[in-house]
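First to last, the protein sequences are chains A and B. This note's numbering applies: residue 21 is where the first sequence begins, and numbers increase by one. This note's numbering applies: residue 21 is where the second sequence begins, and numbers increase by one.
Incorrect hints may appear among the rest.
One copy or two, either will do: identical chains are not told apart, so a pair holds if it fits within one copy or between any two.
Mimicking DSS-like on lysine-lysine, the simulated pairs with C-alpha atoms at most 25 angstroms apart in a straight line are [as the list claims (entries may be wrong)]:
#1 Lys-95 - Lys-62
#2 Lys-241 - Lys-211
#3 Lys-240 - Lys-35
#4 Lys-241 - Lys-24
#5 Lys-240 - Lys-46
#6 Lys-192 - Lys-40
#7 Lys-62 - Lys-252
It is worth saying that the hints were derived from the structure and are not from the lab.
One-letter residues, chain by chain:
Protein chains: 2
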Amino acid sequence: MNTKKYRVEESGKLKLSAYKTDETGKDSEAEALARCEQRQSKLAALQERLYAEGKQSLLIVLQARDAGGKDGTVKHVLFGLNPQGVVVTSFKAPTPTELAHDFLWRVHPHTPAAGMMAVFNRSHYEDVLVTRVHGLIGEKETEARYEHIRAFEALLSSRGTRIVKLYLHVSKNEQKERLQERLDDPEKTWKFNVADLKERDLWDDYTLAYQDAMRATSSKKAPWYVIPADHKWFRNDLIGQILEETLEDMDPQFPEPDFDPAKVEIR
Amino acid sequence: MNTKKYRVEESGKLKLSAYKTDETGKDSEAEALARCEQRQSKLAALQERLYAEGKQSLLIVLQARDAGGKDGTVKHVLFGLNPQGVVVTSFKAPTPTELAHDFLWRVHPHTPAAGMMAVFNRSHYEDVLVTRVHGLIGEKETEARYEHIRAFEALLSSRGTRIVKLYLHVSKNEQKERLQERLDDPEKTWKFNVADLKERDLWDDYTLAYQDAMRATSSKKAPWYVIPADHKWFRNDLIGQILEETLEDMDPQFPEPDFDPAKVEIR
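With the rest of the complex left out, here is chain A (with noise of 0.2 angstroms):
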């Protein structure tokens, strides 16, 4: 699977409508499992290997629409990696006190340290879309805003974090069916939000502000990747392989010691 099909292009000319929602790729859906718990053991190892080295971390932005699969993705996509090494932060409608502060304020502590793993389950760029879509920021605003968070994911990268953004895409058809699936299984419903519907009728202004905001903020360094989602099997598959390439690319060592171990008698 070529990953760079999906990764958004720093010229700012992504064309969202250009991406299909429903993508399997070539591999029948066999394949793709198989293949992502082959994958499993190869990520664990690569975490033990930047968590011993201590230098780089990986941060990954999940972004989506309501029921966009993103808990699915933290579920599947970490499944068997030692959660010692990884911490998951889900970001809710800010409080008073984090609204007193400017939007990267309360981002900033769930950052990786060096060898650790982050996962920002929706994040910053919640201040361009929810915030922009109801109106509460105007365009000035907002590209203020991308200028910020393209210096504060500079910052993070000049300490060696690593930021793989994924937008999960799914067709509002796909959200429809899962939508009603929390409603009709009781074990389900506690994930249904009345609210989430209203944000469903502004599907298009969406698209326009996910469009927009990946267009302005997609660097070699801190890439977007628009993930084809309706099908959780190659959303899998396909997100695994980008983790798995990128941790490859940064390539985490076990450190030398500072002292022979030859030497070190154990009474």
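Chain B: place on chain A using the hints.
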């Protein structure tokens, strides 16, 4: 397996020497591994209910000597859980800022929110162990800290946090073998810390300090367990069972919706 046998009674009569470090129970290693694998999906299902319910939380406190198996326990026992619902915090030697506060100050922010599981890899108990063994605090201060810990854990308990405290019990010889393995295996040498050898020389002092701390702080709502931990597979199986029983006893439930799902229409 009867987990009660490993639970430290409130009576304060614990004798650590009465616990074997190399216990293996009645079942074979193969049987224990099979049971651990089966248990994984049960634990994941219980975790999902805990998260969905959003009322109770679970705090797992892990204490052990160096190379006692804390990291391995985190990796194996939490394997397969949803990282979104688990936060692991490793407490290192306190920083100057942390030392400028009471000893629970740095711990409190990491206690689990409702719906979450938290693991403390080392914990506030270090402040009645390493400090005591090295003579940084005397008997009076030690007793005072036990009282502070009991009150702190009662506070967490009052807010719905169940606390399970695990002491991984290994023999001095098993520690030697594990430390030697870290020296011999280049992929493990990064875990070796020369300073650990000094702590090893204080073996018996630590035994008494652990015994005393567990006697003073084991309670019905925050029990200590002595986990025979020379055999990792036995350790993992026993801890897995304790967690399963604890979560079953907490009995989290999917919440009832405060609306009628049948009346919601998605356009």
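Status of the hints after comparison with the structure:
no., hint, in the structure
1, Lys-95 - Lys-62, "both (17 angstroms within a copy, 15 angstroms between copies)"
2, Lys-241 - Lys-211, "neither (34 angstroms within a copy, 30 angstroms between copies)"
3, Lys-240 - Lys-35, "within (18 angstroms within a copy, 60 angstroms between copies)"
4, Lys-241 - Lys-24, "within (14 angstroms within a copy, 53 angstroms between copies)"
5, Lys-240 - Lys-46, "neither (27 angstroms within a copy, 57 angstroms between copies)"
6, Lys-192 - Lys-40, "within (12 angstroms within a copy, 60 angstroms between copies)"
7, Lys-62 - Lys-252, "both (21 angstroms within a copy, 23 angstroms between copies)"
The structure shown violates the earlier hints numbered 2 and 5.
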